[in-house]
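2 protein chains.
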Amino acid sequence: MSKKVTIVGAGLVGSLLAALLGKKGFDVQVFERRPDIRKANISAGKSINMACSARGWKALDLVGAGDTVRAAAIAMNGRMMHGVDESLTFQPYGKEGEAIYSISRAGLNQILIDHADQFENVNFNFEHRCLDIDLDTPEASFETKDGIQISHSSDLIFGTDGAFSAVRAVMQRLKHFNYSQEYISHDYKELSIEGKGGEFQMEKHALHIWPRGSHMLIALPNPDGSFTCTLFLPYEGDNSFEKIRSEQEIKAFFESKFPDAIKLIPNLVDLFNENPTSPLVIIRCFPWTYDDKVAIIGDASHAIVPFYGQGMNAGFEDVSILDELMTKYGDDWKVLFEEFQTKRKPDADAIADLALKNFIEMRDLVGQDWFLKRKKIERALYETFPERFVPQYSMVSFTDTPYSEAVRIGNHQDLILDQLAGYEQILEIIDKGELRSFIESNNIIEQ
Amino acid sequence: MSKKVTIVGAGLVGSLLAALLGKKGFDVQVFERRPDIRKANISAGKSINMACSARGWKALDLVGAGDTVRAAAIAMNGRMMHGVDESLTFQPYGKEGEAIYSISRAGLNQILIDHADQFENVNFNFEHRCLDIDLDTPEASFETKDGIQISHSSDLIFGTDGAFSAVRAVMQRLKHFNYSQEYISHDYKELSIEGKGGEFQMEKHALHIWPRGSHMLIALPNPDGSFTCTLFLPYEGDNSFEKIRSEQEIKAFFESKFPDAIKLIPNLVDLFNENPTSPLVIIRCFPWTYDDKVAIIGDASHAIVPFYGQGMNAGFEDVSILDELMTKYGDDWKVLFEEFQTKRKPDADAIADLALKNFIEMRDLVGQDWFLKRKKIERALYETFPERFVPQYSMVSFTDTPYSEAVRIGNHQDLILDQLAGYEQILEIIDKGELRSFIESNNIIEQ
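As given, the protein sequences belong to chains A and B, one line each in that order. Counted the way the numbering used here counts, the first sequence spans residues 652 to 1098. Counted the way the numbering used here counts, the second sequence spans residues 652 to 1098.
By construction, these hints were calculated from the structure, which means they are not laboratory data. Take these hints with a grain of salt, some might be off.
Below, simulated DSS-like cross-link-like pairs (lysine-lysine); rule was C-alpha separation at most 27 Å, straight line [stated by the list, open to error]:
| id | chain 1 | residue 1 | chain 2 | residue 2 |
| --- | --- | --- | --- | --- |
| 1 | B | 826 | A | 826 |
| 2 | B | 985 | A | 826 |
| 3 | B | 985 | A | 894 |
| 4 | A | 985 | B | 1008 |
| 5 | B | 985 | A | 796 |
| 6 | A | 894 | B | 1008 |
| 7 | A | 746 | A | 894 |
| 8 | B | 908 | B | 746 |
Examples of chain B residues lying across from chain A (beta carbon under 7 Å, computed) [what the hints assert, rightly or not]:
| id | residue |
| --- | --- |
| 9 | 826 |
| 10 | 926 |
| 11 | 930 |
Ideal placement from N, C-alpha and C gives every residue a C-beta, glycine not left out.
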């Protein structure tokens, strides 16, 4: 067997895939443009944090890396909303014991590269920039940091090289290749709240949100007591990165919008000026595969906005699905790739739409009473009918229900929630524990 | 004044723009990848035909090329539908005297290059392939057919280099540049019906359509008595270019689908095998301009499918609008470009959608009785209320009503047509000339 595989990109999805294929005995060469992240000097809290949930854990456990990652992750049991008046409101993500897990991108990537690297049949080549792919051979060519060009032939090539994928750029030249890149109105910037003598300065087990309508600040915990913060602002117009530039403007903006946060970020102005402002892009394309030779997965084929915490999870789920299809089809990569892209594309589109929709929810709705009322009804339904009513957020985060199915069911749930929210006494009914009899006597949730 | 302008692409829109800017006294250098089309050997009827309508004529007259083009064009007063039973049905496009005009792409391009070339301040550089653009300078670099690289600086650069624009490819690398390329399910192939001793073998003043649901053949007249035909087929699946390949398959397909056409194309199999199969792509992007320096217009910023006959007309209208804005803003290209793209983008999106919708109309609906009934009602409304009810097709083809406005009004008209088509006696009422009193007594067309 020992089929030869080239993986372009040693990010999260590339290194996970390398581990899977390494475990299965493939002869795997991974090429990565950047230096080895295990040797790079990245201090904790200075890289974006990921929120790992069920789909992520499933794939991590599949390759045997779950426990190592769990040891480095922090459970976030719900959202902690910070009001302009410095009030706090906590909203659990799911039932008791259900959580999403904060982990730094760099830390997770290091674990996964280490994990894949333990297989003798997996080899990492860092500082190799992909120049071109011959899709038919297939052969990939790279340039090393010393300017030397090399070519590598294999049976299969996987492009796991992210939203600005070089492998996809080659496929994009094919007739009938559909492609779109759509930037949203907001850019983002990393900031940081340091720990105080190793202690957390805010609730540790929460994803903190400062929802302000057209903009938002979030913070995710790190094991060292710090929080990695991300500020989302429009890139132009009022209250935008274009307008907020001077020390006074930065301070005035934070003092009026995030008064409790600014107290915890004494070096705000330096961080704001030093850290880059980055755009947020949604990538959609099709096809994702070429014959039985080349496939793009993860952000390379479906980059989404980060507001559902599902970008990494969706990329990891690609790897789980490839594993299932390898069990089903063995070495028939033609059929395997065809089924992979046909089956997976609607789910990738679904989570792209959900993630965009969740941006509105996070930056605006979570701060509104009617929305919190709806969430309370939703939670009561979940507790009363745990089999029949699993909220969309729970389906997406705590199960591996296909994303497109979660959209379909969620649309139906919206109608039920609309109906229930229309009853003036609904919160009293819930508080009295009478939701089940109310629902049953009113014929709600028929479907 | 004599500002220096670089135009990348000497196709229809590029050469029209060169003529406009030449006339206004700009110092214009046009660079084109292909050889001079005036010297290329393109026999009549072997290139795609354009359907020039009001927006096209407005721009052609603006630069003074309208009459030369008119002399080479053939009026098409309506659609001639060919049934599988070889029956013919004629449906006029508009009122008496309203027509769209068939002209070959190559012939029109030759006229426009000649027209622009008469200005001493306009210079054409053929066989210059665009390599890169420095957007800030701005400077464009090219490679000649001899492999020599040259650079050209100017005050303004216009990318008029079509759906696969090199200028746009440079802009695509900018942060926040939204872009999509979407291929439709159908490819196309050119065919030809020759004249018989210079005589037309079908009605000269019509656009001929063989509507067959999932596929379609069309034919547009040329001055030499021939018709340029275009076959639209899915690129894969049943009755597709993928499936129809052998002589027997080609003949059997045409005999069953286009029995009257095959009699007029004795060299069908040769043409089918020799002519390329080409894809149809919809390009959407934004922004279209960079600072006060670079703009992409025509197919480079908004390529659409050919089913409304508006691709060229929309590109020409870009030139008319630039002319209006130059009158309004003079030399303030920053403001001019900003208004151009902000105002024009919704119209480009609107005609892209209409063109896709018209594909369904042309290949399918025009062969159905209920649709022809609706068209008859629409025409009667137009004749009865020529100011109040201008059909969408007429707004698009015979006026310069903004495309987005035509969509808005058309949606309202659909409701009126639905309502009228619901009256069983409506065709009798129209035939008796009683439409006006019927409408007025039933309060239809309020608003």
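Open item on the list: Can you confirm whether the C-alpha distance between residue 894 of chain A and residue 1008 of chain B stays at or below 27 Å?
Closed with: Cα-Cα ~42 Å, so violated.
Open item on the list: Between the alpha carbons of residue 985 of chain A and residue 1008 of chain B, is the straight-line distance 27 Å or under?
Closed with: violated, 34 Å
Open item on the list: Would the hint linking residue 985 of chain B and residue 796 of chain A be met if the CA-CA limit is 27 Å?
Closed with: Outside the cut-off at roughly 41 Å; violated.
- [ ] Take a quick look at whether residue 985 of chain B and residue 894 of chain A sit within 27 Å of each other, Cα to Cα.
- [x] holds, 20 Å
- [ ] With a cut-off of 27 Å on the C-alpha distance, tell me whether residue 908 of chain B and residue 746 of chain B pass.
- [x] Outside the cut-off at roughly 31 Å; violated.
- [ ] Classify the hint on residue 926 of chain B as holds or violated, based on whether any CB of chain A lies nearer than 7 Å to its CB.
- [x] violated, 16 Å
Task: 27 Å limit on alpha-carbon distance, applied to hinted pair residue 826 of chain B and residue 826 of chain A - done: Distance of about 26 Å is within 27 Å: holds.
- [ ] Assess, step by step, whether the Cα of residue 985 of chain B is no farther than 27 Å from the Cα of residue 826 of chain A, and give holds or violated.
- [x] Violated, because 36 Å separates the two Cα atoms, which is more than 27 Å.
TODO: Tell me if residue 826 of chain B is really an interface residue toward chain A, meaning its C-beta lies closer than 7 Å to one of theirs.
DONE: holds, 5 Å
Open item on the list: Is the interface hint satisfied for residue 930 of chain B? The criterion is a beta-carbon contact with chain A at less than 7 Å.
Closed with: This hint holds: residue 930 of chain B lies near chain A, its Cβ roughly 5 Å from the closest one there, short of 7 Å.
TODO: Verify the proposed pairing of residue 746 of chain A with residue 894 of chain A, using a straight-line Cα cut of 27 Å.
DONE: Status violated; Cα separation ~42 Å.
Violated hints, listed in ascending order, are 2, 4, 5, 6, 7, 8 and 10; each of the other numbered hints is respected by the structure.
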